[in-house]
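Protein chains: 2
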Amino acid sequence: MSEQQKSPYDLPDISGLSVSVLGGTGDQGRGLGLRLAMAGHDVVLGSRSAERAQAAADELGAHLGVRGADNARAAREGDIVIVAVPWDGHRELLASLAEPLAGKIVVDCVNPLGFDKRGPYALQVEEGSAAQQAEAVLPDSRVVAAFHHVSSVLLLDPAVDEVELDVLVLGDDRDATDTVRALASRISGMRGIYGGRLRNAHQVEALTANVIAVNRRYKAHAGLRVTDV
Amino acid sequence: MSEQQKSPYDLPDISGLSVSVLGGTGDQGRGLGLRLAMAGHDVVLGSRSAERAQAAADELGAHLGVRGADNARAAREGDIVIVAVPWDGHRELLASLAEPLAGKIVVDCVNPLGFDKRGPYALQVEEGSAAQQAEAVLPDSRVVAAFHHVSSVLLLDPAVDEVELDVLVLGDDRDATDTVRALASRISGMRGIYGGRLRNAHQVEALTANVIAVNRRYKAHAGLRVTDV
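Each protein sequence line maps, in turn, to chains G and W. Take the first sequence: its letters are residues 0 to 228, numbered as in numbering that gives the first Met the number 0. Take the second sequence: its letters are residues 0 to 228, numbered as in numbering that gives the first Met the number 0.
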């Protein structure tokens with residue numbers, strides 16, 4: 000079948016790919032690293048400090064074999080590299096890693112949000128979104144946006160067997176978004192759903208403010224499911 | 000119980016409230032009018048032309064008792080007024096109806112989108128969002144944002160008994176958002192979920208571009224469900 004004819008539901012086999020998580024010591028990074036290691040992937044948690052990264056990796060459980068490394072080494076070692084760093088410093092970190100990230104699929108899950116006494120709100124980003132900023136500073140990488148609305152509480156809760164939500168996967172490179180859809184679908188309960196081009200990433204990132212509002216009102220760990228797909 | 004203590008799941012009884020739909024001859028307006036009439040509400044479809052509005056109302060089926068009127072009369076007659084007009088002309092229409100809409104709950108479901116050869120994208124709105132623009136030109140109304148991601152195809156399909164999706168309801172007035180949550184929940188299969196303050200409406204409106212991308216890729220009529228609530 001040609002590229003045009005293949006089913007939008009088809010997923011490539013990515014079980015052999017390794018995954019690095021930049022900002023891997025934060026809740027989101029540890030949570031994604033944990034679940035992807037549970038799914039059988041070779042996972043490296045990256046951090047500014049290799050020691051702190053190794054401590055976070057050890058905390059996930061020695062049986063998973065997750066390793067810690069500084070961000071540059073993590074960037075170099077992963078077949079797929081997830082960016083889960085704080086928004087503050089996002090551009091500088093990625094720009095500094097352009098060389099090791101060249102040619103790789105870089106999955107940005109950063110949500111540029113501010114907080115004030117009325118709660119969370121979306122920040123304006125010069126490039127349009129965190130994902131587009133990543134694309135701007137990583138011209139030789141294949142940038143995909145995904146994993147924005149995934150509760151780290153659920154990811155890190157050993158009592159949660161199935162993370163019951165869908166991940167919107169955005170990007171302009173069909174093979175790259177298919178790979179990241181497959182990556183999301185490796186986590187039990189989760190599906191990766193194509194969610195549009197990278198120029199439509201801002202609202203997906205910003206929607207995290209709404210998800211937080213839902214969580215506060217309903218005392219929940221909300222996620223999204225896409226119906227009819 | 001005090002306002003603070005009531006459950007976020009409680010819904011007021013709004014079965015006696017009438018609903019008008021501005022822009023009621025469009026697919027979204029007719030679809031919402033149809034489903035709310037099926038739920039037992041007295042519904043008026045508004046349009047620039049009272050004749051076209053009446054024709055659209057008649058088309059929904061005489062047994063439902065939906066009436067057509069010009070937008071000004073529709074604005075006057077509804078207890079709740081849904082705004083389902085095209086983005087182009089949104090501000091002018093609402094500004095012209097500030098007097099009849101004063102004191103009412105106004106439910107904005109307008110999505111400011113552009114389209115080019117790469118598909119849909121979110122338009123920038125000076126006030127932040129269509130809903131905030133409505134709030135700006137309707138200072139005496141209670142503006143709520145809702146019904147952004149509801150497929151008119153599903154609403155208008157007589158074979159669809161249950162419209163299986165959640166409606167994010169945004170606003171700064173707790174009673175008004177509770178009323179609109181109840182309104183969404185009157186449609187079989189649908190739930191109204193509080194989704195944050197009006198300042199976080201832009202991304203919910205803009206996310207319609209992503210829903211359209213999902214629909215195109217998967218040949219679906221996608222909606223969203225909020226998990227864990």
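A couple of the hints might just be wrong.
No distinction is drawn between identical chains; accordingly, a pair holds when it is met within one copy or between any pair of copies.
Once the Cα atoms are required to be at most 30 Å apart in a straight line, the calculated DSS-like pairs of lysine-lysine come out as [to be verified]: (1) K5 to K218; (2) K116 to K218; (3) K5 to K116.
Calculated from the structure, these hints are not laboratory results.
Structure-based check of all given hints:
{"no.": "1", "hint": "K5 to K218", "verdict": "between (41 Å within a copy, 13 Å between copies)"}
{"no.": "2", "hint": "K116 to K218", "verdict": "within (18 Å within a copy, 42 Å between copies)"}
{"no.": "3", "hint": "K5 to K116", "verdict": "between (48 Å within a copy, 22 Å between copies)"}
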